Amino acid sequence: MSSAVARGVETTDVPQVPGWFATSREQADRPEIDSVESASLARRTRRWTAVAAVSFVFHSAIAFILAAIILPQNVDEQIFAILSLPADAPDSDDDTAEVIIEAELPSPTTEESIQSQRPVDPSEVAGLESPSPAEISALQVPEVPTFIGFRSSTASRSGAPDPRLQMTAGRSGATKRQLLLASGGSDLTEAAVERGLRWLKNVQLDDGGWDFRKIRDAPEPGYSGNRVAATSMALLSFLGAGHSHKQSPKYRATVFRALKFLKQELNPDRATNWDGDARGKPSPSMYAHCLAVLALSEAYVMTGDESLRPFVEATTRFLTQAQHERGGWRYRPKERGDTSVVGWAVMAIVSARAGGVEVPRMTFVKSNQFLDSVSADDGAMYGYMSPARRKSTTPVGLLSRMYLGWNRSESALKRGVAHLDRFGPDTDDMYYNYYATQVMHHWGKADWVRWNNRMKAQLLQTQTRGGLHHGSWDVADRHGNTGGRLYMTCLCLMTLEVYYRHLPLYTKGAVLR
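The numbering used here runs 20 ahead of the 1-based position in the sequence shown.
Because the hints were derived from the structure by calculation, they are not lab data.
Computed from a predicted model, the values in this text were never measured in an experiment.
There could be a bad hint or two in this list.
[As the list claims (entries may be wrong)] Simulated crosslink set (DSBU-like; lysine-lysine; CA at most 35 Å straight-line): (1) Lys270 x Lys234; (2) Lys434 x Lys386; (3) Lys270 x Lys354; (4) Lys234 x Lys283.
[Unchecked claim] Derived DEER-like restraints, expressed as beta-carbon distance ranges: (5) Ala438 x Thr482: 18 to 28 Å; (6) Arg435 x Arg346: 21 to 31 Å; (7) Pro239 x Arg428: 39 to 49 Å.
Ideal placement from N, C-alpha and C gives every residue a C-beta, glycine not left out.
Use the sequences and the hints to build the structure in full.
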């Protein structure tokens, strides 16, 4: 490993059918999809005027002076993907609080005990066919590209499909079912995903988007008003389960309306000089931008819908240009980075690149350099803005390293996985669970089996059953109040979709067991 890292310290933030399932609601969810023309992406046609430039400089100077006198806030409150940027957000890098990290004891709850208490509703798993043991054992996992594979085109000269497009190849058909069962999922986990998606569909607003604050009177709404972020997270939950606007009997219209909302938000009629800024309103945030790039890219990769490509290209270009010179991203463009935002950004550029969108090689190189700057224990653990052995950001750093080219033989990765195995899933940090589950799934082996047995039991046990919030999850995240129940539900859904959402990175051509 070529990283120059520092020794860090351990820290504390180791960071019946509801009435609103009405017939009118179902009818509103069926637009004439095929007759709607996609809004075209206008190019920038004019530059800033002299007056605007002077105004910008003047207000920037005021902002700089004000920023200099703002008292620092506890960065622990900002580990959760803060989707609405406060006007006084500080540039804090406090990673110095010391604590002892202890692994939780395994939960006695098992998937079998949950099944005995809550039988699966047949309608929730309708259409699922179970492959035979022979079919599962014969499952071959295609090679999934990482940063190393992005140095040049990986398309075959003989005309074979570009393997980059196989990143999402496990989300549908027989492959999805095989991956689900071979890697530890079940009808119970799929039923939970279905319940969650039904809830998301029925809190979708009439304009096609979602709002953290508006969840049809269910408890624990969020307080962020950034609808680009809310819509992107909900959309990713549907895409992760294989539902697109091109193929999905149940949710095609839902996904179509969500994509239409995003495109209208990103390219309003009045913005003829739109430059790819997807940070959302009312408080623009690079978190929201990264989520939008990721959602648009995944929809494009899954369907090949060329009407999406201009949006993926423009938002990706904005993202690469917003990168700090030292390789990170944070709330504002060119701001010194933090690991939380970088985690979303890396997945966004990797997904965009998987769709054939050009991403400068130096964007990946600088991302690795940023991770070097916040790593501890020789790269096995990661801090927020400086080297630290922080629990919540360690899986973010490890997952980013995986997609940026680390292989299984990397000693730091082995030690990082051992840390996660020792920590286990957290009952009060779903953000950590979301990233750690992906790391452990890619890693595989007995470590994954241990992790998965605990993680899926925890999620199945805590999903809400009955009432207005049937299928959702209560907020069990110390930083989750910003996004509330909608945010929490999306994280839980994407975690339960891990079996097929992304193909395992380290099972190239091998049998999943």
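Hint-by-hint comparison with the structure:
no.: 1; hint: Lys270 x Lys234; in the structure: holds, 23 Å
no.: 2; hint: Lys434 x Lys386; in the structure: holds, 23 Å
no.: 3; hint: Lys270 x Lys354; in the structure: violated, 41 Å
no.: 4; hint: Lys234 x Lys283; in the structure: holds, 21 Å
no.: 5; hint: Ala438 x Thr482: 18 to 28 Å; in the structure: holds, 27 Å
no.: 6; hint: Arg435 x Arg346: 21 to 31 Å; in the structure: holds, 25 Å
no.: 7; hint: Pro239 x Arg428: 39 to 49 Å; in the structure: holds, 43 Å
The structure fails hint 3 only (numbered hints given earlier).
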